[in-house]
Every structure is written in structure tokens, then in C-alpha cells.
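When you get a sec, could you build the whole thing from the sequences and use the hints?
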Amino acid sequence: MSAQTEKPRLDRAHVRDLLKRMIRIRRFEDKCAELYTQEKIRGFLHLYDGEEAIAGGVIPLLTAKDRIVATYREHGHALVRGIPMNEILAEMYGKAEGCAGGRGGSMHLFSRDHNFYGGNAIVGGGLPLAVGLGLGDQMSGSGGVTVCFFGEGAVAEGEFHESLNLAALWNLPVLFVCENNGYAMGSALDLTEAQTDITAKAQSYGIEASSVDGMDIVAVEVATRRALAEIGSTGGPRFLECKTYRFRAHSMFDAQLYRSKDEVAAWREKGPILRFQTWAESSGLLHDTDVEEITAETDAEIAEAVAFAEAGTEEPVSDLTRYVMAPERPAPPPSRPAGPTVPTTYREAVRAGIIDAMTRDDRVFLMGEDVGRYGGCYAVSKGLLDQFGPDRIRDTPLSESGFTGAGIGAAAAGMRPIVELMTVNFSLLALDQILNTAATLRHMSNNHFGVPVVIRMATGAGKQLAAQHSHSLEGWYAHIPGLRVLAPATMEDARGMLWTALEDPDPVLIFENVMLYNREGPIAQDAGPVDIDRAMVRAEGKDLTLITYGGSLFKTLDAARVLGQDGISAEVIDLRSLRPLDMDTIRASVAKTHRALIVDEGWRSGSLAAEIGMRLAEDSFYDLDAPLGRVCSEEVPIPYAQHLEQAAIPQVDKIVTAARKLMEATP
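Numbering (my numbering) for the sequence shown: 3 to 669.
Calculated from the structure, these hints are not laboratory results.
These figures come from a predicted structure and were not determined experimentally.
The beta-carbon is built from N, C-alpha and C at its ideal position, and this holds for glycine as well.
A few of these clues could be false.
[Said to hold, decoys possible] With beta-carbon atoms standing in for the labels, derived distance ranges:
id, residue 1, residue 2, range
1, Leu171, Arg114, 26 to 34 Å
2, Arg617, Met187, 40 to 48 Å
3, Gly341, Gln389, 22 to 30 Å
4, Glu294, Asp115, 31 to 39 Å
5, Asp321, Ser206, 54 to 62 Å
6, Thr659, Leu171, 51 to 59 Å
7, Asn438, Glu316, 20 to 28 Å
8, Val326, Arg536, 40 to 48 Å
Written out as C-alpha cells, the structure reads:
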């Protein structure tokens, strides 16, 4: 955080610097608009024209350790932060020399060296990330501040309210900067908000907030100095509403039918560059040649950037999947003989895994709804608050997107959070953060940033919780590149997968089936980490391969025993990892048994079972002596009535019936 607390000295050097910041942004974006019409920049292009005083007044006051989260209109922020113009324009060209290797484009500029965490194409999507970065700085004691820029349109998003609440609740070092340009795309603020006073909205969360003329770079700088000084003394958040106006369209696709040319012209007369330059010249702080010199310097820099981007290269197609996951991961833990065992439950095994992790690594903490004083919805974290304290066993509001995004941000800041989502259906409220931030950040930033977060959630049916609390959506998440998806079923996996997942450099989702928490069984006294990449053969067989995971594993093992009484030798594979799938183990088993049945608690249509079956059809077709089979949940929202609930999900008798049918098929 900047130690500058004094008022700015408006001497000639500082005045010239302020003006150059704004002119540099304006002329660069004018060139970008020209290049867009020539189709050298493609996709969306959102220009900062008219808002230059905000980035120019805020960002130079930050230190190198402070972090920036921007919006999709972030060229000005990136330029002022010091990301080279060459790299910015090359990124907008989609070239490998771009600041994100051409993977992010205009809306997603990144730089690890500048602590620039990128623009975000999701309105309001960067707010939880910024809160998490602030949480990481607070917990690590770094002394850094995170500045989050967003437009007034984000104020309508739930993530705005969830983020401000968390920042105030936890007193986090975040400076929220609302660039209120009056229009959320094409909708004026008074058409979309019942309360148009954005400063008042921030104050309602107990955050010190002020409104400033965003067309006045000096006023923005003064307000920012004051806000940073207050963050330095209190450690808590501050909020600036910068009232400004974008002179150009929302994006280059925008016909601007929602506002008149006269309105735009009137605002241009109050533009930040014209206004400041006129004042500086009349005050004698600018010489006659200053603007000409600034313009010439900027134009030369722009010409060099254009030449750099034009000469840039395209990333080879062979590198398409590079950085979907981290290029380097810790080696899987070595296997070891099982030692003496002790009785436990699945719940206790998960709790032991959390205790192991938090004891080993001070960066690990648990956050989620009711994980502290209540002890967790399924009592997994009972007693941990007393053991580790409220900073590391962190109760959150009922704001899944907000606290999941905060966990993602804390992970990006170097912490190792375990985010507990009470049930899998609640995870849908956090899907934006999981899909658009956790899963994409490494690849889209060209490996500038990773997200080593672990997200746990309860899944599955069987407790008569009815349709909205009985989902099995792990197959949905296994569809998303950039995530690791685990489904521990055994005691060893319930404990050891968490250990390994927390050492993984990428986001890991762990799905714990609700019907397993009370399950009892032995576990080795010295149980430790387990390999999270490999499937396990839980029962050897030669006639049929049964493939399953999670809550269906023990039903499938029971089915294998019933089949064994009929003389059918069934091999049971526990997938354990749903993404990536260990197809080598599956294919090896099918090559031996020549028949495969997949048991999946997800719905049949678009199921994980369908994915596995198709991969076998592609790669193991000639090893099969019978059609592929699957047992899935019925195509119905899970009912409340017990007999209907049980009928809706895979059961032992269904597995046995399907297996016998496969055995009756002739090659």
C-alpha cells in the first residue's frame, strides 16, 4: 500500500505527468478503434474514452505489492499500471507476444509482474476475486491493498452486495472504485436502479464511501490518497464512486440508440483532458510546447506498439491445451503398506484430513456456511473452531458466489483455502466464480495466475431431502476444463484426497456423498496422502467390469457379490477422479473382461456414464463382446417419498439386473 498521504503537489512536473497519463490512454484507444475497423482487433472492444482521469488518478498511488482487478474496459488501467503498450496491443491482436499470450484479448489483460489480475468479462465478476485477494493479504500480513475497478452496472449484481458485505464484515484492505459512467451498456442508471445513489449503497454496509468528480484527475487523486491512508490506518475497505461519462459506445458493436449526440457533445465539453489541460495552461503550469511533445512521444510509442503487434507470431496450435492445468504438479505420493487400523467414520476421516492439512500448513483455512460455531451442516468441522480459531475456521454469510469467489482470490494470493459449499445445489449460485474464474484463470492469463483452491460439497440423494437438495451434479463439473473433480468413497480417500488436493496448483472440487458420512470402517493409523489421478480396482474379476464412484461404490460392490453367487466374476473400478478420468485403468479392465457396465448417480441424459461409454466405444470397441451398459438415476427430480426416492437412484438390484443382461449378450 502506498505510504503517500499528503496532498498532491501540483507543480509543473506533476501536472505534465497527469496530463500525459490521460493523453496516452486516449490516443492509444483512438488507434485501437481504427485498428478495430480494419479487423486487426476482433471480438469486443470497450474503450475508456472519457474515463481516463480515474485510472490516471488512482493507480500511480499504488505500490508494486498492491493488486489490481479491472473490468473489461481495462486498457487504461493496464497502461497506467505499467504493462508495456507493446504487450497490450499484441494481446489485442491475439499474438503470442501479448501480455496473456493472445489468450485473453482486449477484455482480459494480465500481468503477474505488475500484480494485474486482469479484466473480467462478467459484470461484477471481479468483485469477489478482489475480496479474496484482500483476504489473502490480510491473513498473510503482506500489507498490500487490492483495488477493484467496476462500472455502475455491476451494482445490480448480487456479487456486488455479497462482496461489499464480506469486505466490511472481515475488515479487508480493498479499495472499491466504481466508475459510474451513467449507462450499463444501453440502460441508464435511473432505469435500472431504484436507488441511484451508489455511494449510499456502499455506506449501507458500513463502508466509508465518498463520491468524487471522475472527470477531474486531481479530485480523483486526492480522494484516492485519503482512501489509501484510511485503509492503512484501519486495515478495512473504502469505496470511491467516480462519476464520469464514456464518450464512445459501450463497445464497438454499439449503435448508441439510447442517448443523443447532443448529450455526448455536452459531456465532451467537460472531458477530463480538455478540462485539465485548459486549467493547467491558464495556470501557467504547462508550456506552449508541452502538449505537442506529449502527443509526439505517445504517437511514437503507439507506432512502435503497432509494429510490434503486426510482427507478432501466432501461438502454435500444438500449444492449444497448454496451461489448462499447471505445467508442473507434485509427484503423486508413493504407495505404502497399510499399517495397523483403527475404526472411524467417513465424517471423521474428512475431519481428520482437514486437521492434518491445517496443522501442516498455516496457509490452509476452512471457510463456508456454518462451518464454525455450528460445526458444519454434516458435522464435519465440529470442534475445529475451538482448535484453530475464527480466522482459520471462517463462518461466511449465505452468499455462495461471494465467499467462493473470495476463496478463489485468496488462493490466487497464495493461501490454501478449503471452501465448503453446504450442498451441491448451492454450488450453482457460485457457478460463475467456479466456471469463469477458477477454471479459466490459469489458461486465460497464460499461466500468470493459478487458483489452488479446494472446494468441498455434499452430493447425492437418499436422505429424503426432496428435489432441491438431492442432486448429483458432479458430472456437470467434470465437463469443465481447468478443474479437477474428485469423488472419495473410502475412508482413506476421504482423508487422503484432501491432503493431495491442497498440494495441487489448480482448483480441485471434492464431492462427498451424503450417504457416506455415517459409514463406518477401518482406516490405517498412519493414513496419509493418496494419489488423486488414478482409479482403483476395488474387486478383481474376469467376466464383467463395473465402473462407478462415490456413493454408488458400495452398492456396486454388493452387486458384484450377488453376481458372484451366480458364478459371474465382476471387476469393480472406483473412478475416484472424475476429471481427469483414468481411462487407462478402465480400458485395461475392459480388455480383460470384454464387458462394461457404468453405474452413475447422475441423470442418464448427458451423464458422466455417457462420456465414459463413448470413450470406450472410441478406444475399446474391438475389446467388447457385448453392448455397453449403464445404470443411472431416472429422468425425474428426486422425490421426497422414500420409496420413490429409492426407485429414482441406482440400487443393487438394478445393477445386478443390468449386469446379467450384459452377460446374456453373445459376441
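Going down the list of hints, with the structure as the test:
no.: 1; hint: Leu171 with Arg114: 26 to 34 Å; verdict: holds, 29 Å
no.: 2; hint: Arg617 with Met187: 40 to 48 Å; verdict: holds, 42 Å
no.: 3; hint: Gly341 with Gln389: 22 to 30 Å; verdict: holds, 25 Å
no.: 4; hint: Glu294 with Asp115: 31 to 39 Å; verdict: holds, 33 Å
no.: 5; hint: Asp321 with Ser206: 54 to 62 Å; verdict: violated, 48 Å
no.: 6; hint: Thr659 with Leu171: 51 to 59 Å; verdict: holds, 53 Å
no.: 7; hint: Asn438 with Glu316: 20 to 28 Å; verdict: holds, 25 Å
no.: 8; hint: Val326 with Arg536: 40 to 48 Å; verdict: violated, 20 Å
Taken one by one, the earlier hints fail for this structure at numbers 5, 8, listed in ascending order.
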